Every structure is written in structure tokens, then in C-alpha cells.
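Using the sequences provided together with the hints, build the complete structure.
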Amino acid sequence: MALDEALLNWHSSGAIPPTIRFYGWNPATLSIGYFQQLEKEINMEKVKEKELGFVRRPTGGRGVLHEHELTYSVIVSEQHPAMPASVTEAYRVISTGLLEGFKELGLSAYFAVPESKQEKEALKNPRSSVCFDAPSWYELVVEGRKIAGSAQTRQKGVILQHGSIVFNFDVDKLFDLFHYRSNRLRERMQQQFLKKAVAINELREKPVSMQEAVHAFKSGFEKGLGIILEPYTLTAEEEKEVQQLAKDRYENDEWNYKR
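The numbering of the sequence shown is this note's numbering, which starts it at 1235 and goes up by one.
Everything labelled a hint here was simulated from the structure, so no lab data went into it. Just so we're clear, the structure is a prediction, and the values are computed from it rather than from any experiment. Glycine included, C-beta positions come from ideal geometry on N, C-alpha and C. Mixed in with the good hints, there may be bad ones.
Stated by the list, open to error - Simulated crosslink set (DSSO-like; lysine-lysine; CA at most 30 Å straight-line):
(1) 1429 - 1274
(2) 1492 - 1282
(3) 1407 - 1481
(4) 1440 - 1274
(5) 1452 - 1430
(6) 1390 - 1337
(7) 1390 - 1430
(8) 1429 - 1440
(9) 1492 - 1474
(10) 1407 - 1280
(11) 1457 - 1284
(12) 1430 - 1337
(13) 1452 - 1337
(14) 1474 - 1407
(15) 1481 - 1390
(16) 1274 - 1337
(17) 1407 - 1284
(18) 1407 - 1429
To be verified - Quick list of simulated restraints, FRET-style, between CB atoms:
(19) 1274 - 1424: 37 to 47 Å
(20) 1272 - 1419: 12 to 22 Å
(21) 1316 - 1426: 15 to 25 Å
(22) 1246 - 1269: 14 to 24 Å
(23) 1470 - 1377: 40 to 50 Å
(24) 1424 - 1492: 23 to 33 Å
If you want it as C-alpha cells, here you go:
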């Protein structure tokens, strides 16, 4: 999370061009959205019992268990000629790269857009603390089920969008990490989740590897956004700045436990 924020800062100052990053998590980590209420929504005893990392993202959205997945982030100026001013339309443009990436993996993904009044109200008041259970604009869907969860923030004239491309769900483990009013409610929500969300390996005969996924989504972003991606390596000074930001914020209980 510190590197995503640092990339936003560097792009805002003109030090680096628009950037796309792919990464994984070690240890497996529960991330929660900037506005989520930890005490009300998260079962921290279970997070610690399962020896998971825990971090609050700088972006909105719901809780995500980052384990069997590829995570991506996109950092681009709000003033970029390809970026619409509207948050939802910018989300659509960026997510076109994801759409093409899923196609590279042989999946028939498409955008689902909330149209009814009920669907639009659900966007404002998600019933679940779990990311893949909450609706969003331009949701990426395969066979009627959500296949990618993304969140966005805008700071210093820059858009940061990052999200989770899941290879496999451990649904019992995921749902252990949240509070529910009753066990019956948990069971019902977990059953609904399985109807709403899908992981890549449920849809493929051959499981996807991290290397294959990175290649597919790199190619997908290049095709979907009409760009050419070039590798970038952090300098020692940049690495030091990221580590300091991690220490001051994302490793700090005051940030992670606030609200």
C-alpha cells in the first residue's frame, strides 16, 4: 500500500509517468477500505489466529483477503487525455485493461452496469463488508458472476485504482474474518457470495500461474488502453521513501484501526 501511495505522489510531482504495477502479498493479508469501521465489521481475533497481515487501504471499497491472487494498481493523472472526468467512466476506461486480460486467459468477461433503481441504491448502501459481495459500477463479470474487485481514490490530481484478480477463493476463511448479527445471516451471505462471485480457476481446466497472469494482464492493459509498458526499477532513495511511508502509515495501528 505504501508503494501504491508513493507512486501516486511521484506521478503527481512529475517524477514518473503513468504506471501500472502487478504484485502479490506475503503473508496473506486482509485489506479493508478507507471508510470501513474496523470494530463493527472485522473479527480481528480471527485475523490474528490465522496469522494474516492486516492493512487499511487508501482507497474505498470493502474487505479483501489477498491470498491466491494477482493484485494490480494503475496510477494516472486526472488530466490525462484518455481519462474521463467522471469517476465511473474513468473506472470503465481503466478496467478495459482488465477485461482484455481476462480474455487473454480465455475467459469471456464483460462489463455489467447497474441499471435499475434497486441496483443503484445497492451501490450507495452495500449490505456486506466483503468486497466481491458488494456491487460496483462497470463490474467485470464472467457467466453472470463478479470476477474482479477494484477500488479507486483521487488525490493530488492523480487517480489510483487498484484491485484483486483472484485465482482461488477460500470462502470459509474469508467469511471467518467478519462480524455478523447471527450465524444464520452469515450462512445466508456466504451462500449468496458463491452465487455472485467467481475465481479464475473455477472457469479454467488448467490452473493459472502467477507468471501467466502477469503476462496476460500486462498484454491486456497494453491492448485495452493502447499503451506500451516498460519495466521500472525503484532507486535506493525511492525504496527508502516507501519504507518510511510504510512505517509511518500502513504498519501503524493508528492508521489501520482508525474510524
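Against the structure, the hints come out as follows:
no., hint, verdict
1, 1429 - 1274, "25 Å, holds"
2, 1492 - 1282, "18 Å, holds"
3, 1407 - 1481, "28 Å, holds"
4, 1440 - 1274, "40 Å, violated"
5, 1452 - 1430, "26 Å, holds"
6, 1390 - 1337, "33 Å, violated"
7, 1390 - 1430, "35 Å, violated"
8, 1429 - 1440, "22 Å, holds"
9, 1492 - 1474, "26 Å, holds"
10, 1407 - 1280, "9 Å, holds"
11, 1457 - 1284, "39 Å, violated"
12, 1430 - 1337, "20 Å, holds"
13, 1452 - 1337, "12 Å, holds"
14, 1474 - 1407, "34 Å, violated"
15, 1481 - 1390, "22 Å, holds"
16, 1274 - 1337, "38 Å, violated"
17, 1407 - 1284, "9 Å, holds"
18, 1407 - 1429, "17 Å, holds"
19, 1274 - 1424: 37 to 47 Å, "19 Å, violated"
20, 1272 - 1419: 12 to 22 Å, "19 Å, holds"
21, 1316 - 1426: 15 to 25 Å, "36 Å, violated"
22, 1246 - 1269: 14 to 24 Å, "22 Å, holds"
23, 1470 - 1377: 40 to 50 Å, "47 Å, holds"
24, 1424 - 1492: 23 to 33 Å, "28 Å, holds"
Of the numbered hints stated above, those contradicted by the structure are hints 4, 6, 7, 11, 14, 16, 19 and 21, listed in ascending order.
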